[in-house]
Structure formats: structure tokens, C-alpha cells
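Position chain B relative to chain A; hints supplied.
Line by line, the protein sequences give chains A and B. Under our numbering, the very last position in the first sequence is 208; numbers go up by exactly one each time. Under our numbering, the very last position in the second sequence is 191; numbers go up by exactly one each time.
No false leads were mixed into what you were given.
Where chain A lies over chain B, by a calculated footprint (3+ residues, C-beta under 8 Å):
(1) 67-81
(2) 90-96
(3) 154-162
(4) 173-184
It should be emphasised that the hints constitute simulated quantities derived from the structure, not laboratory data. Note that beta-carbon positions come from the ideal geometry of N, C-alpha and C, so glycine has one too.
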Amino acid sequence: MLTDFGILLLFILAGLGLLGLILGIGRLLRPDRPNPEKNATYESGEEPVGNANVQFNVRFYVVALLFVLFEIELIFLFPWAVVFGNEDLIQQTDGRWGWFALAEMTVFVGMLILGLAYAWVKGYLDWVRPKPAIPATESPVPAALYEAINKKYESKTVNKT
Amino acid sequence: MELAVFYFFAFLALGSAVFILLTKNLMYAAFALFLSLVGVAGLFVLSGADFLAITQLMVYVGGILVLIIFGIMLTRTPDKTDDSQSANRILLNSRRRFWGLTLSISLFLVLIATITQATFRLSGMPIKSRSTIKTLGVELMTSHLLPFEIAGILLLVALIGAAYLALNRSPS
Numbered sequence: 048m049l050t051d052f053g054i055l056l057l058f059i060l061a062g063l064g065l066l067g068l069i070l071g072i073g074r075l076l077r078p079d080r081p082n083p084e085k086n087a088t089y090e091s092g093e094e095p096v097g098n099a100n101v102q103f104n105v106r107f108y109v110v111a112l113l114f115v116l117f118e119i120e121l122i123f124l125f126p127w128a129v130v131f132g133n134e135d136l137i138q139q140t141d142g143r144w145g146w147f148a149l150a151e152m153t154v155f156v157g158m159l160i161l162g163l164a165y166a167w168v169k170g171y172l173d174w175v176r177p178k179p180a181i182p183a184t185e186s187p188v189p190a191a192l193y194e195a196i197n198k199k200y201e202s203k204t205v206n207k208t
Numbered sequence: 020m021e022l023a024v025f026y027f028f029a030f031l032a033l034g035s036a037v038f039i040l041l042t043k044n045l046m047y048a049a050f051a052l053f054l055s056l057v058g059v060a061g062l063f064v065l066s067g068a069d070f071l072a073i074t075q076l077m078v079y080v081g082g083i084l085v086l087i088i089f090g091i092m093l094t095r096t097p098d099k100t101d102d103s104q105s106a107n108r109i110l111l112n113s114r115r116r117f118w119g120l121t122l123s124i125s126l127f128l129v130l131i132a133t134i135t136q137a138t139f140r141l142s143g144m145p146i147k148s149r150s151t152i153k154t155l156g157v158e159l160m161t162s163h164l165l166p167f168e169i170a171g172i173l174l175l176v177a178l179i180g181a182a183y184l185a186l187n188r189s190p191s
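If we strip away everything but chain A, and leave its shape as in the complex, we get (with noise of 0.2 Å):
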């Protein structure tokens, strides 16, 4: 076993040692000449307001907890499927294993399928989008003056034009 998380550890090495190789690289051969524009919080080429230190959506605290629930349920999965199609059980118990071990991890299956449709029911899952914020002026004026005002200098933009 050991033998084989080797292969593994090898990677992780091989993984930071490049990475590093790559960064360090990349560290001798740049010019190093910051400036406030370099400097600045990139965020789609807009030009950034505060920098990035904002309270995020609350979903996002959901889903990932939904994510670490049936990640737990993913791990009970795992030495169920190892031993589920074990052909030596299925003989031994003439076929019954196989059946058994399908009912009981779909009354485990089904029981977490039954949170997930509370949570959908329930809107836990459900987006919750920002309001736009429409600005609402406050002006003695009724808005049919200003509508008849535009209509009365469009034609004359129009003719200008």
C-alpha cells in the first residue's frame, strides 16, 4: 500500500518542485517595476472601487455546506462499491449480497435524496439575486410635464439633425 501512495507523494513532489522551478524562473527573468496601475485590484479592466475586501453572499455559505454533507455521503459510498460487486460474496451468499447491499445503500441514498428535497423545496438552494436599486426622485412636477416637454423639442433636435 505504502508503495503506492509513493507514486503519489512523488507526484506532490514533482508538483511543487515545478512549480516552484517555474516561479523561480519566472522570479530571475522579469523586470521588477511596480506601479500604482500594476498595483491595482484587477477585476475585468474595470477601474476597481475599494479594493476587494467586501461580505460575500450568503449562498455561497450554502452550497457549501450541502457540499461537504453529500461529500460525507460520497465517502460512505466509496467501500460500498469496493466490496459491492465482489463476486466471491455474491457466491457465497448465492446472490443475496449483491441485493442486500444495493437495498441498504439506497435506503442511505434516499434518505439524504429526501434532505435534498427539503433544501430545494424550501428555496435553500434558490439564488438570491441584488435588487437594482431604481432611484426615485422626488420632483413637484408631474411626469407627464416632462413627457410633453420632450415631445414638444423632439422634433426640433430631429430637424437640427
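Relative to chain A, chain B alone:
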């Protein structure tokens, strides 16, 4: 060779744990926790618990750590005065040295007492099995079937409770 790998992972786990203690930046602490958990997973592999190591990697490194980082990002009170040039550090204000030290030393003593007094049935025996996952699967489906299904119910309760608490308490 194995000893060197053991010391590597032990150093990784302990070194990043010490870094978590010393750093003031909450985000650096969360990322150091990642290295610490990876080190513990490596130690699990070296003691022959391959399934436990994979579970550690998947649940703690892949899940719980993401939750912790989300927790940090969610509970930040946005600082509007910061301009886009300043560094984005999440610093701890309070250290609570006394209570932290008291609590951790007492927990350490309890753990040391438990480990030294316990009699391990398999201690001293060489690792023979190639993988523990098959034994785990058979045990889970036969002698430990009831705890397995109870774990399913526990997960269901946790799912419903966590989703309810996380959303119904928030102001949004």
C-alpha cells in the same frame, strides 16, 4: 526512506500549526491549516490508514477548509474607506493568550493521558493488509449496518438543520 517521509509530513503538520498560532492574518492561517491537514493525511497513510487519509483530504481539505474560508469572507464587515491600492489583509485584533494557552495545554494533557493509558490491540504489529477499504466495505454492510444507517439519518438532520440555520438567521 519511510522515516524521512514521516519526518517530512510531521514537520509539515507541526510547522504549519505553529504558523497558524503565530500569524495575525486570518487568511494566511486558513491556508496554513490546509498544509497542516495535508501533513496529517500523510501521517495517516504512513500508519496504514489509507481510507482515512483520503477521507481527510476530501472532507477536511476539500470541504471544511472551504467552509472556513467562506466563513471568513462572509463575516467581514466591508471597509469602505480602503482604496484599491492598499493591501487586503484580514487581521486579528485580539489574541487571548491566557485562555488560549490554558485551553490548549489542558486539551494536550487530556490527549497525552488518553494515548499513554490506552492499550492498542494492533500496536507493534507490521502492516500486512494492502488496503483497508475492502474490509471497511464488508464491515459497513454486515456488522456495522445499523451505525451506517444512523449516520445517514445524522447527515439528513445535519443537512436540514444547517441549511435552516444558515439562511433563517441572516438578515438578507
